[in-house]
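Asks: We have chain A; now place chain B onto it with these hints.
Protein chains: 2
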Amino acid sequence: MQLKEYLNEKRIIVDEALNGFLPETKGPAHELYDAIRYSLFAGGKRIRPILCIAAAEAVGGTSDDVMPVACAFEMIHTYSLIHDDLPAMDNDELRRGKPTNHMVYGEAIAILAGDGLLTEAFRIMACAELLARVGADRFIRVMEMVASAAGARGMVLGQVLDIRAEGKKIDTSHMEIIHAHKTGALLRASVTTGAILGGGTDEQIDQIDKYGKYIGLAFQISDDILDIEGSTEELGKQTGVDAERSKNTYPSNYGMNNAKKMLKEITASAVEVISGFDLKADILRQIAFYIMERKK
Amino acid sequence: MQLKEYLNEKRIIVDEALNGFLPETKGPAHELYDAIRYSLFAGGKRIRPILCIAAAEAVGGTSDDVMPVACAFEMIHTYSLIHDDLPAMDNDELRRGKPTNHMVYGEAIAILAGDGLLTEAFRIMACAELLARVGADRFIRVMEMVASAAGARGMVLGQVLDIRAEGKKIDTSHMEIIHAHKTGALLRASVTTGAILGGGTDEQIDQIDKYGKYIGLAFQISDDILDIEGSTEELGKQTGVDAERSKNTYPSNYGMNNAKKMLKEITASAVEVISGFDLKADILRQIAFYIMERKK
Chain A
1 MQLKEYLNEK
11 RIIVDEALNG
21 FLPETKGPAH
31 ELYDAIRYSL
41 FAGGKRIRPI
51 LCIAAAEAVG
61 GTSDDVMPVA
71 CAFEMIHTYS
81 LIHDDLPAMD
91 NDELRRGKPT
101 NHMVYGEAIA
111 ILAGDGLLTE
121 AFRIMACAEL
131 LARVGADRFI
141 RVMEMVASAA
151 GARGMVLGQV
161 LDIRAEGKKI
171 DTSHMEIIHA
181 HKTGALLRAS
191 VTTGAILGGG
201 TDEQIDQIDK
211 YGKYIGLAFQ
221 ISDDILDIEG
231 STEELGKQTG
241 VDAERSKNTY
251 PSNYGMNNAK
261 KMLKEITASA
271 VEVISGFDLK
281 ADILRQIAFY
291 IMERKK
Chain B
1 MQLKEYLNEK
11 RIIVDEALNG
21 FLPETKGPAH
31 ELYDAIRYSL
41 FAGGKRIRPI
51 LCIAAAEAVG
61 GTSDDVMPVA
71 CAFEMIHTYS
81 LIHDDLPAMD
91 NDELRRGKPT
101 NHMVYGEAIA
111 ILAGDGLLTE
121 AFRIMACAEL
131 LARVGADRFI
141 RVMEMVASAA
151 GARGMVLGQV
161 LDIRAEGKKI
171 DTSHMEIIHA
181 HKTGALLRAS
191 VTTGAILGGG
201 TDEQIDQIDK
211 YGKYIGLAFQ
221 ISDDILDIEG
231 STEELGKQTG
241 VDAERSKNTY
251 PSNYGMNNAK
261 KMLKEITASA
271 VEVISGFDLK
281 ADILRQIAFY
291 IMERKK
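Taken in order, these protein sequences are the chains called A and B.
Here the first sequence stands for residues 1 to 296, numbered as in the working numbering.
Here the second sequence stands for residues 1 to 296, numbered as in the working numbering.
No wet-lab data here; the hints were simulated from the structure.
Where chains are identical, the list cannot tell them apart; a pair therefore holds if satisfied intra-copy or between any two copies.
Computed cross-link-like contacts, DSSO-like style, restricted to lysine-lysine with a CA-CA straight-line distance of at most 27 Å: (1) K26 <-> K247; (2) K26 <-> K168; (3) K45 <-> K295; (4) K169 <-> K26; (5) K247 <-> K168; (6) K264 <-> K169.
Here the structure is a predicted model, which is why all the values come from computation and not from measurement.
Excised from the complex, chain A in its bound form (with noise of 0.2 Å):
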């Protein structure tokens, strides 16, 4: 199947058992229910469900193994944006095209709207069909998982990191542990659960953890191509913020060149590694060369 094509039909059914999960709601919880709504229907591709549901076909599962799952990964994502974007964190007004939640709800809302999201990704994993069809020791491994990806060990680790490093010249390894943490571990532990759910073998699981851990690297240098080289029309937000900011992004630390060059390179590590994988893992290998040449 043409990666596009794939792209296009999972995030219809990720979108589909999103609005399941967070339906349009009326009377009092009408106000919190619309700005998360506002928020998690607002354009997002979807990588990190796509990403869980395709690594769990590459060991041959379904979506239906892994769907909770992949949901809370978005709604995990979409928390994190909701209050990275605030006046007091990134102060951004933009965010695909629209205002950000803040600008639409207020602070208050805006803070309380990511917290219900983040609580919600948990309510919706604590799913007993879950449970019976991936049997208790690896529905626990993926609840750990997750958890620790988005946490005080994971991306929230990564954000306070990232706040103490603006306007610092920071060394290349102190730049990849924050990143690693920031944006790498919510994407590595899509793939890595989805393998999983899946029903993949301890040595497949380890192999697409590795693939994760190299597209979750790959995702963040590009995102710092495109702050330079992209334009706001094409991205939704704004370009450009990452050097007024004095933030460490690949190319002001290793130069444009050298930073296309690692990303090409870290690209055909991730292929690589699953290089032991059938056709089923060909949408996996697609989406890392997609991560690679995204143009937003």
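Replies: What follows is chain B alone, placed relative to chain A:
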């Protein structure tokens, strides 16, 4: 056992468990962990974990049956205090006699410390021993109950409703809906999950759930009364703020004497609904009276 002795004993084992789950950390993560631990070990009474343990004991279980979940309630409660105190929310400078989290660590880190705590609460519940001990059905039921009580159907919703009601005159049923979500849901879930994990029968779980509903309400009424009659020194936080913010409270809506009468009646109902329990439920009875009579 005397209640005071019981509360002390359980507070110590809860503190030990919390310290084990979120230990002091050196290296790059220390600032985030410091911020988290600053609020988590700020002298909280651990009422939610203790309620969870006491409910488990009331149905013949032990603290070992509930400890990760009991601690999760304290982490969720603490994160909610950190976020509630933020300038965009209640803008409080003092909590338990100490500067609030954002006064010490800044707004960005306070938001992230809250996010981290909430996520860690779910990480520690992802516990294979707990699942094996109580079985898949009860495990999933408890996970779902904690997330529902904390999230967009529970505490977070209550906070949104409370913000929107500030400065408006609302009717009594609206006020009760706010409190049932904002403070009631988590207190109620503390005892109900305790009864589930402790191995209670369906009838016992139902009765303890009702007990939890009553004491959640009692807790809110006594909180409202203390905000008027308590002193900043005793409570470790500013008093008189409800009136200043034109919050709808039980004393403001019903008058102080009626509020006190209601508190007494609700406490009696809480004790009545567990009258079929044996001596093992005595602590729950004493806690109900403790909430009614508390001075801080």
